[in-house]
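Chemist: Now for the letters of each chain:
Protein chains: 2
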Amino acid sequence: MKLYTYFRSSAAYRVRIALNLKGLSYDTVPVHLLKEGGQQRREEFRQINPSGLVPAFQDERITLTQSMAIIEYLDERYPAVPLLPHDAPGRARVRELAQIVACDIHPLNNLRVLRYLVRELGLSEDQKNTWIRRWISEGLAGLEAHLARDPAAGPFCHDSSPTIADCFLVPQVYNARRFDIDLAVYSNIARIDALCVDLPAFAAAHPSKQPDAE
Amino acid sequence: MKLYTYFRSSAAYRVRIALNLKGLSYDTVPVHLLKEGGQQRREEFRQINPSGLVPAFQDERITLTQSMAIIEYLDERYPAVPLLPHDAPGRARVRELAQIVACDIHPLNNLRVLRYLVRELGLSEDQKNTWIRRWISEGLAGLEAHLARDPAAGPFCHDSSPTIADCFLVPQVYNARRFDIDLAVYSNIARIDALCVDLPAFAAAHPSKQPDAE
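Note that the protein sequences, when read in sequence, are chains A and B. For the record, in the first sequence the residue sitting at position 85 is 85 according to the UniProt record's numbering, with numbers rising by one throughout. For the record, in the second sequence the residue sitting at position 149 is 149 according to the UniProt record's numbering, with numbers rising by one throughout.
Treat the hints as calculated values from the structure; they're not laboratory data. Be aware that a few hints might be false.
[As the list claims (entries may be wrong)] Think about it this way: if two alpha-carbon atoms lie no more than 25 Å apart in a straight line, the pair counts; the simulated SDA-like pairs of lysine to any residue are: (1) A:LYS2 - B:ARG134; (2) A:LYS128 - B:LYS2; (3) B:LYS128 - A:ASN110; (4) B:LYS2 - A:PRO151; (5) B:LYS35 - B:ALA141; (6) B:LYS22 - A:GLY90; (7) B:LYS128 - A:LYS35; (8) A:LYS35 - B:ARG134; (9) A:LYS128 - B:LYS209; (10) A:LYS2 - B:MET1; (11) A:LYS128 - B:LYS22; (12) B:LYS2 - A:ALA148; (13) B:LYS128 - B:PRO89.
[As the list claims (entries may be wrong)] Simulated coverage check for chain B against chain A, where a stretch passes if three residues somewhere in it have a Cβ under 8 Å from a Cβ of chain A: (14) 51-59; (15) 100-110; (16) 121-127; (17) 152-159; (18) 193-203.
For clarity, every value in this text was computed on a predicted model and none was experimentally measured. Heads up, the beta-carbon is just placed ideally off N, CA and C, and yes, glycines get one too.
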């Protein structure tokens, strides 16, 4: 199987963690988001993902985009190490946590959006960073409150083993750090991130460990 | 069961369609996004959803947010009318289509984001509308290309009955129309929307048919 990825893409980072947690080996196909006006926007890559975004995934059965869809597919095809709980409320909760990251935080800080803010709307570097920090902080505050109130939060986002929620949380925390967001106020998030980040599956998925890292 | 909803929220609209497709009756709890500085941001509602966003869902087992997580939960609990295909690649494809809407389009045009653009960044009405149209158009173009290339696209987004993908597509098309986007160029999207919109489950979920409609 192949993963079209960019080392710093947090959506690709999520899928790398899931693949590693399941012990699946895959071929990395680097798609450089900045070179050549963005390789993800070239016709060649649009044959894989017409939306022109990473990650994209391919195996012998499917070409698939959207990190959540890819990870759910992996979870169904390779159930030996499950990334969703066995009970319906548990699964719902894990999906909810992942989607807080996928829908409420990450889309606002995507490269194409930041570019529009700077190039089309003329935002300064300061204004751009304020924008980024605003949505990450607001989103993490919501995520933290969800984790804080729920007895199902364990050492991981849900209970005592990594789930899809952790695959989404860790890359978002990595992004938060890049923009100097103080994580101390999000004590559950900081605690879960600290636990995950040293596990081999998470560590090997880190942007700095990718073949296309700069 | 209860749905915390706002008539014009496209994320709530998705869940209403899913509930109707499954023939489930529910209590509507209106949360007005504009009155009282936004009822979704009040402490009372944050007890339900700490992120301060609609929709939220409650039954005797769970309080749940995020439209995709809510609909997947409904699909697991009430499988009689399935909203996901039976095969793993089919399910992956439906989730992918829904997430193109949920992650690539909708978050950029959310009320809180548009407010920030106007209030914090001083965008004019014209600039705001250009922003909205840009992300809807780009997202719908991706979605259209996905639908156009895939033999699994049937009369509906996937094959011959409504799935989660249609629950996401129709509210996004409704939003596109509100901002005068010409749908003629997205022929698969326009065709699927036209088929869905008259079905009773979709029609009853329309914003204009809600108890809190204005």
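Chemist: All hints are to be evaluated individually against the structure, with a verdict given for each.
Modeler: Status of the hints after comparison with the structure:
Annotation: proposed proximity of LYS2 (chain A) to ARG134 (chain B) is violated, straight-line Cα distance about 31 Å (limit 25 Å). For the hint linking LYS128 (chain A) to LYS2 (chain B), the alpha-carbon distance of about 39 Å lies beyond 25 Å, and the restraint is violated. Annotation: proposed proximity of LYS128 (chain B) to ASN110 (chain A) holds, straight-line Cα distance about 18 Å (limit 25 Å). For the hint linking LYS2 (chain B) to PRO151 (chain A), the alpha-carbon distance of about 22 Å falls within 25 Å, and the restraint holds.
At roughly 34 Å between alpha-carbon atoms, LYS35 (chain B) and ALA141 (chain B) are farther apart than 25 Å, so this suggested pair is violated. The straight-line distance between the Cα atoms of LYS22 (chain B) and GLY90 (chain A) is roughly 22 Å, inside the 25 Å bound, and the hint therefore holds. About 29 Å separates the Cα atoms of LYS128 (chain B) and LYS35 (chain A), which puts this hinted pair outside 25 Å; it is violated. The suggested pairing of LYS35 (chain A) with ARG134 (chain B) holds, with an alpha-carbon distance near 23 Å, which does not exceed 25 Å.
With a C-alpha separation of about 40 Å, the suggested pair LYS128 (chain A) and LYS209 (chain B) falls outside the 25 Å cut-off, and the hint is violated. Between LYS2 (chain A) and MET1 (chain B) the CA atoms are separated by roughly 42 Å; this puts the pair beyond 25 Å, and the hint is violated. Taking the CA atoms of LYS128 (chain A) and LYS22 (chain B), the gap is about 44 Å. The hint is violated against a cut of 25 Å. Annotation: proposed proximity of LYS2 (chain B) to ALA148 (chain A) holds, straight-line Cα distance about 23 Å (limit 25 Å).
Restraint check for LYS128 (chain B) and PRO89 (chain B): not satisfied, since their Cα atoms lie roughly 38 Å apart, outside the 25 Å limit. With a threshold of 8 Å between beta carbons, the proposed coverage of the stretch 51-59 of chain B by chain A holds, since 3 of its residues qualify and at least three are required. Residues of the stretch 100-110 of chain B lying with their CB closer than 8 Å to a CB of chain A number 7, which satisfies the three-residue condition for coverage. Only residues whose beta carbon comes within less than 8 Å of a beta carbon in chain A count, and the stretch 121-127 of chain B has 3; three or more means the coverage holds.
Restraint check on the stretch 152-159 of chain B versus chain A: 0 residues with Cβ-Cβ distances below 8 Å, three needed, restraint violated. Note: the stretch 193-203 of chain B has 0 residues with beta-carbon separation from chain A under 8 Å; the three-residue rule is not met and the coverage is violated.
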